[in-house]
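Colleague: Sequence:
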Amino acid sequence: MPSLKKTSGPLEGPAAPDGAREGEPPTVAPTRRDEVAAAGSELIGGRYGRRALPGSGPVGGQFTPVRIIALVAIGMFALGMVQKLPCYNWAWFRGTTSQYTHACYSDIPHLFAGRGFSEGLVPYFDRLAGDIPFLEYPVLTGLFMEVAAWMTPGGELQAREQAYWLVNSGLLMVCAAVLAVCVARTHRRRPWDGLLVALAPAVALTATINWDLLAVALTAAAILMWARSRPLAAGILLGLAVAAKFYPLLLLWPLLLLCVRAGRLRAFGTALLGAVGSWLVVNLPVMLLAPEGWKQFYLFSRDRNVDFGSVWLLVSQRAGQTIPPERANLYALLLLALAAGGLAWLALAAPRRPRLSQLAFLMVAAFVLTNKVYSPQYVLWLVPLAALARPRWRDFLVWQSCEVLYYLGIWMYLAFTGSGSKQGLPLDGYHFAIVLHLLGTLYLCAVVVRDVLAPEKDPVRRDGSDDPSGGVLDTAPDVFVVGRAAHPARHAAPAPDTDAQEPLVTWGTPGAEGSRG
26 MPSLKKTSGP LEGPAAPDGA REGEPPTVAP TRRDEVAAAG SELIGGRYGR RALPGSGPVG
86 GQFTPVRIIA LVAIGMFALG MVQKLPCYNW AWFRGTTSQY THACYSDIPH LFAGRGFSEG
146 LVPYFDRLAG DIPFLEYPVL TGLFMEVAAW MTPGGELQAR EQAYWLVNSG LLMVCAAVLA
206 VCVARTHRRR PWDGLLVALA PAVALTATIN WDLLAVALTA AAILMWARSR PLAAGILLGL
266 AVAAKFYPLL LLWPLLLLCV RAGRLRAFGT ALLGAVGSWL VVNLPVMLLA PEGWKQFYLF
326 SRDRNVDFGS VWLLVSQRAG QTIPPERANL YALLLLALAA GGLAWLALAA PRRPRLSQLA
386 FLMVAAFVLT NKVYSPQYVL WLVPLAALAR PRWRDFLVWQ SCEVLYYLGI WMYLAFTGSG
446 SKQGLPLDGY HFAIVLHLLG TLYLCAVVVR DVLAPEKDPV RRDGSDDPSG GVLDTAPDVF
506 VVGRAAHPAR HAAPAPDTDA QEPLVTWGTP GAEGSRG
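In the numbering used here, each residue's number is its place in the sequence shown (first place is 1) plus 25.
Hints listed in this document are in silico derivations from the structure and should not be mistaken for laboratory results. One thing to keep in mind: the hints can contain errors.
[As the list claims (entries may be wrong)] Here are the simulated distance ranges between beta carbons:
#, residue 1, residue 2, range
1, 271, 500, 30 to 36 Å
2, 253, 111, 38 to 44 Å
3, 478, 312, 40 to 46 Å
Note that the Cβ used here is the ideal one computed from N, Cα and C, for glycine as well.
Based on the sequences and whatever the hints tell you, model everything.
Modeller: Below is the structure:
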């Protein structure tokens, strides 16, 4: 396949259409291209003006988009901590349903004593009392938990549990800031897309439920390194992310597919070696010295029953028949394999090579939809990928609304089942919340698939970009395609701008008229 040819006219005036200075690539201003962003900007003075100069004024240079996004992410994280105050003050420690009715539950204070950290036990090495003999988290997450325990002061158990949550929250706040910054820097011309992550309500609500933000931040950093054409660094960070949570391993499949289509297998091999190496560095010591403790995470994941939020729980409760763990594992694996096959067709047969973030989002979303459990904090896995795959506020907020309703639904359902007075959300209401979560995620998947099949509708590509997060894949020619991809690619053009005339960009056959999508 021939390489993509991109043409653009000269930028006129002292500033580019979206406010960049002369000679610099223009920065995309969402308030001028996204109706929802423009409407929301009225709260802070209106949309970005066509004559605005970024960095002007005595302190203008201090408030870059990335710094603003980092501050917003920290502020939203702090609001999420405030939302947990009823539990911090009393609900975690008195009563069984108060932490659910206040929607402020967190695993962190409960596992401080429940997994032996309050007693100074060493994860993976010291056996625990109860049904779970060892810590059931991956090694890097276990290290994170242990470091937080070292930083927790002594005293009465309740005070120590509160302090442990505060210490973990402080460390996770750093992860949240890193996450937002990495997303803001991944697409060089679209830093403001990081606000989707920073302002996501589901992030503020779920950030301190568990330790998922560690793996999410490492995954976002890996994508940033790949976008900067540094496959070894990307692989190392991805391996560390897998050492903290399983799901980042799924990103290797879309990465392989895109590298096959673009003939960049050497870069993929470099990233794979880096991922395997860093994963082994973290896991090998525990694997050799405490093999029984190291295996606990994998045994727990295999033997875990069908649990909250999953489609399998919905099916089993509606049918009145329990699905055994081994059968749920088989069903989930088959569906995930089917989704991976569909992703392969999409990657190799799309009219243009899909962007990395698009396929990564679809792969992780397929895992979320087919897995036998969906804890509320799992939404964190998808937020940065969704912001990069479909940076449109309307679609993002539709999905986030469904996730927030599910977040409230699961706690109200647990309050209902744990309360003698049956106050809360009954089973049918909880099933409706699960369906909302599934439909919201499927909706976003459908929009991303449409963007892949009709690239002129992709908001990232409508200004002439190819794959800003693709690194070595960006603008690379195709060497292996199937089906419709063997024909000339569709044409696309920038979105119409009511304030400035932007140059049209066409892909494929020279001289073809670009469509407006």
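Colleague: Please go over all the hints and tell whether each is borne out by the structure.
Modeller: We went through each hint and held it up to the structure:
1. 271 / 500: 30 to 36 Å: Since the Cβ atoms of residue 271 and residue 500 sit about 33 Å apart, the hinted range of 30 to 36 Å holds.
2. 253 / 111: 38 to 44 Å: With a Cβ separation near 43 Å, residue 253 and residue 111 satisfy 38 to 44 Å, so the hint holds.
3. 478 / 312: 40 to 46 Å: 43 Å, holds
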